[in-house]
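One letter stands for each residue in the lines below.
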Amino acid sequence: MADFDGTAILQVLARHQVHFVVIGGWAAVAQGSPIPTRDVDVVPENERANLTRLSGALRELDAKVRNGDEDPLPFVHDATSLAGSVFWNLTTTFGDLDLSFQPSGTQGYADLRRDAIEVTLRGTPVLLASLADIVRSKEAAGRDKDRRALPILRELVAQQLRDRRPKR
Amino acid sequence: MVIGGELVREARKRGALTQRELAERAGTTQSGIARLESGRTSPPLETVQRLIRLCGFELLVELALFDDSDRVQARDLRWSTPTQRLDLNERSVRQADELREAFLAATGG
Chain C
10 MADFDGTAIL QVLARHQVHF VVIGGWAAVA QGSPIPTRDV DVVPENERAN
60 LTRLSGALRE LDAKVRNGDE DPLPFVHDAT SLAGSVFWNL TTTFGDLDLS
110 FQPSGTQGYA DLRRDAIEVT LRGTPVLLAS LADIVRSKEA AGRDKDRRAL
160 PILRELVAQQ LRDRRPKR
Chain X
1110 MVIGGELVRE ARKRGALTQR ELAERAGTTQ SGIARLESGR TSPPLETVQR
1160 LIRLCGFELL VELALFDDSD RVQARDLRWS TPTQRLDLNE RSVRQADELR
1210 EAFLAATGG
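Sequences listed follow chains C and X, in order. For the first sequence, the numbering used here assigns the number 10 to the initial residue and increments by one for each residue that follows. For the second sequence, the numbering used here assigns the number 1110 to the initial residue and increments by one for each residue that follows.
The shape of chain X in the complex, shown without the other chains (with noise of 0.2 Å):
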């Protein structure tokens, strides 16, 4: 689970708590909190939910519909520099502002 890691880093910096402290907690060690952090270990989810409490926080779980539009979208910008990511992003929110003109105009609006 490596998002485990990741959910319990901004827990433990939304509870302004540093690895040490949330190690002493947890009952294990500072290196154990940054190894599980970096995506090195996959922690199940209780242990997740286990450290996110002790930071003060609860991790709400929910299933979605799949809808992986962004995903696509995303995947297709890997590559890209961040320039070429903004151009783009740019240019997009210009077409929105077109469009929407265009329909203001059609509509009378």
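Excised from the complex, chain C in its bound form (with noise of 0.2 Å):
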């Protein structure tokens, strides 16, 4: 298994100038959560000179299908078939990528964009999806590890709300 190293992969499509939002716990992380996580989810924008982006830097990543705890499997890819799908659990050589293009509760790639927070990683610049989203995401996939995270995370947007109102 491959060191995890999110911001690798993130360097791999920046490089193939996808477009895309971080989500999920590694975007919270780089945000203040504390909750450890060993994949980062991607919110790709779904048009279609994108897509052939993105394809061609799943390439370069080795993007293979995780297939819990058996061998991956290959992953044949193009921007046709990125479009027709909704999620992707992948295993890359820098470790595992989610893609999905409309987390629960979010209406996808431009729903994110509009709140997304750009940071410089490496020398690269990603987007992440805001606390306030990420929250909202998790809240309706109300699974339990999501649910676990919710109590910190609403903690952290209420405590980034507070440090932006002006001081009096």
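Rather than coming from a laboratory, the hints here were simulated on the basis of the structure. Watch out, some of these pointers could steer you wrong.
Here are the in silico distance ranges between beta carbons for each label pair [to be verified]: (1) Ser1178/X x Ser113/C: 49 to 57 Å; (2) Gln1182/X x Asp12/C: 19 to 27 Å; (3) Phe96/C x Arg1187/X: 26 to 34 Å; (4) Arg1134/X x Gly117/C: 22 to 30 Å.
Some but not every residue of chain C turned toward chain X, in silico, with C-beta under 10 Å [to be verified]: (5) Ala39; (6) Pro43; (7) Leu91; (8) Ala92; (9) Val144; (10) Val166.
These numbers come from a predicted model, not from an experiment. Where a beta carbon is used, it is the ideal one built from N, C-alpha and C, also for glycine.
Make the complex out of the two chains shown on their own, each in a separate frame, by following the hints.
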């Protein structure tokens, strides 16, 4: 199993000029969540030219389909097949990557792009979904691991609101 | 209730409503909703519940045992940069893997 390096995965996507927003636990960690995660969740823009670039990046990452405890399965893809998909759990040379075109509770890339925050990681600009949008998605997904993260994520959102409020 | 505004915003977005549409349903103004969502006002719980219902959702409230371990760790991370936080995450993941491998080696798994 490859050592997980989420930033390296995103650097490959950025080098291929893929438009995407990072959501999920990894984006939350970057914004202060203390809950570790071993995959990175990416919401790509669902436009044909972007999906062609995404397909190229996935080839460079040697992306395969995760298959539980079994060996990963080959992942044959192009812009057309990616356009017809909703969700992929992948494994790459830098660890696990989940692609989701419309995460629960959201309308996808354009919706998340609106309030996304740009951070620079190892010299590469990356868009992270806002903590509020991460909470919205986790709340809608409703899985146990999402519910466990919600109290601290909500507190971090409230902290951000307090920090932004003008001091009197 | 700072978090109340955030809950209303989340419900409105999940309900695919604009601030203006929610204001019309609630009989208030768009700027009133914007102020509430921004945390500049602290609405009472009843107001939050009402607005969330107008978005088509129900606010469920429950009591759980207090555990501040996540909060303490989040406080320690507050002044770190995103890169520092992600490096720490990836170190934590590696340590967890090493621990698991050591456990499997010790138990013959």
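Going back to the hint list, which numbers does this structure go against? 1, 7 and 8
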